[in-house]
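Asks: Going down the list, the sequences are from chains W and A.
Per the numbering used here, the first sequence starts with residue 5, numbered consecutively.
Per the numbering used here, the second sequence starts with residue 42, numbered consecutively.
Hints in this document: simulated from the structure, not taken from any laboratory.
List of simulated lysine-lysine pairs, DSBU-like, C-alpha gap at most 30 Å: (1) W:K22 to A:K264; (2) A:K391 to A:K78; (3) W:K85 to A:K134; (4) W:K26 to A:K240; (5) A:K324 to A:K240; (6) W:K85 to A:K103.
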Amino acid sequence: MELEDELFNDGLPKAYYKQNDKGQYVLETNAPWAEKVSVALLISGNRANLEEIRKAVIAGQKSPLCYYIEMRQLTPKMLAKAAGIAVFRVKRHLRPEIFAKLKPSVLNRYTKALRVTLEELKTVPNI
Amino acid sequence: MTTELITQETLANGRTYIHRTAAHCETGVTCALFRDKGLEISEPMIFGIGSGIFFGHLPFIKQTGLPISTFRSIPGLVFKKAAKRLGAKVFRKRFRNQQKGMDELRRVIRTGQIAAVTTNVYWLSFFPRRYRFNFSGHNFIVLYENENGFRISDPALLEYTTDCSTEDMERARFARGPMEPRGLMYYPISINPHPDIRKACIIGMQDTCKQMLGIPIPLFGVKGMRHVAQKVIKWPEKLGYIEACRQLAHILRLQEEMGTGGAGFRYMFAAFLQEAGELFGSKELNELSNEMTAIGDIWREFAVVSSRIIKQRKTKSEETFEKAGGLMLICAGREEELFKNLRDVVGKLKA
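Chain A on its own, in the form it takes in the complex (with noise of 0.2 Å):
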């Protein structure tokens, strides 16, 4: 079921918006933003370019009371590390008061310019109810304003574009909790339409090596793997079943459901990988896009397994949370080695 579906809107300067799928929110936005803007970029191409990948544990922020884990970069880094490699002048604001924040949107997408704003997963009516949990970190595409409130397009979710009410906008954009969005809101105001992509792919992996390798810090990167992964092994002794279970679970939903593009990015990171690949003529780029997909597999053998674990918690399956934890140690084991190579052969590119 691989499909192409396109969707097109007239603007309100009567220009032409072809709405596209895409696999997570914030680099679909992206690249919406910057094709809207004259620049044809792929989307692993931005979230190579934006140093997407990532990895760190959470305790201290809560997400329905469970510690979070991330596979991503903070959210709204990507756009903005993005734009600046590729050169691109954006407006990016947050809004203290509520009513600036909407006008401010209104006057802008009057203007024919399509805006993206961050928003609260659960007050918005059009997602399906089984992603409708308290996360402020969706983003998506306002096009006009129409009489049932906005016209909008969410690359990430839907494949064609949507309406929002005037209310679930207002509510989804200053929801309170943890990262709160304060109505962020942005858009690119010029982009140089021939940028020297390959400097910005070269900037992009380099960054995520440090990302991946640099950060000090036990709870980031391939260190925050396996602290995980230690941490998952001693869950059931420490916590009781029933918990290790929505703890494990908690992991998988952000590793495969929020817009990941499966196994926690590592598929769109290895498209990345094997584009950049093509761009500088690389095989040793090649390579590790076809190490980074192995990877990839590997954390859905550990979905997988974890989903055993959870589906037979009743009555105590074969698969233990210590094979899972073993498979996460692995992925940090050979992601690390992956990060090291990329160094090394990144250094030897040449812009």
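For reference, chain W alone in the conformation it holds in the complex (with noise of 0.2 Å):
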């Protein structure tokens, strides 16, 4: 319920298509029902597992890497393009003992790529 309000009340409505008394159609400004439900159930699925990639990071079971990727809603594919490595060493770079060793010329790629900076990179925010 608290998400939902919280989601969509922050001042920027969108508009819909709706008829008026007469038949005609006019643009309107309430959000149907159904897009606040199912927004705020991917919205909050999308943070629950950023928490728990974060929890595994802090365990040492990801790298950092992982917790950037899901922030940005991105997948190993689609980062692998933007930055301009090879996918299978990307998806190398989410085991944390190789990422720790990677060298800073490899680093400064992902942090222009998920615009994050170097020492961001190599940590997880500690909450």
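Work from the hints to combine the two standalone chains into their complex.
Replies: Structure below.
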């Protein structure tokens, strides 16, 4: 409930077509309930995923790169294209022990593609 | 809350541009571009002439890991088709090189010509949080350059014009992933101020019927709807309840959220049929418009039933996936009937 209201009360409504009393179509700005529910479900799912990955990174099971891929809603394939690194290498870098040994030149490519700073890329936010 | 909010902007060469809200990004943008060239045309009209209504299930293109069920034709096609049918000359180009793409945009807007660009929604920071996910098919109009970056007009989202930083713009235009925009930029060069709208409407409607009924692949058109409906019914067994809810939510998101004007463009198409009915003075088209509205209402009902399923996923609701799939099957049946009728009606119309 709270999430839906939080998401949709930012003062940026979208327009929808609706019939008025005379049967003509006009624009109105009330978001349908179904939209709120589905968006809330998908976003809460994404947030839960991100949180899970964050914990896994802190526990040392995954590399921080994993976290930033999820944060930017990318897949290793998309990141590979954006950063200009082969997919199999990106997938290898998801392992923490390999990620820790990466050269700055490779990390810089990731920072550009993911729009994070180098310090950020090495760790995850610890809340 | 029916409002027609208008914001004015002065372009580089001193002309004024009037910003108006619309329901969908591409039709809104097309409409604004044509209006800027002196052709007054409404948004639903563009949608109908450009044959925007469609249904397709694309399990091979994934968005955040979920297959796409689209309610519209491929992004970019509406503009292309509408321009062709209304006799407009257009400039439409993708760029391999980022720098060249940005330079060309700057050059064009400096001459006072407004240009539409296709972007990835995720990287646009003026967007509300809830809409920002990787979807490379959002269109808006760039008006001119200022100290903050670019002044843009987004008819689908905002009631006013806004600023977009240069970095955001570059990233959004050249984002990588499925359906890459590759800096697509387009604008009409010239347009016939008095086009044959009746003829354009007829071609548009014929094409629409072909799209919905005639594609011999069971993923598109009315057949696609049936395919998805049957999938929906099987989901809870096949994928488990939670995953099935996610998939359903994704359909709903595409149906209601992505600037469809409600019920997966069905209301917008009904508005087009209504306008066309007035244009031709045809009662049949008006009746079809009412039928389309009724179908839109069923889509809405499908959305509400599905939302209840999602909402009560922890307690297992009385609404079932069978009911949701059943509603979709009803939609498919009624739409098939409607488009067959429309085909007959269009055959009798005279341009």
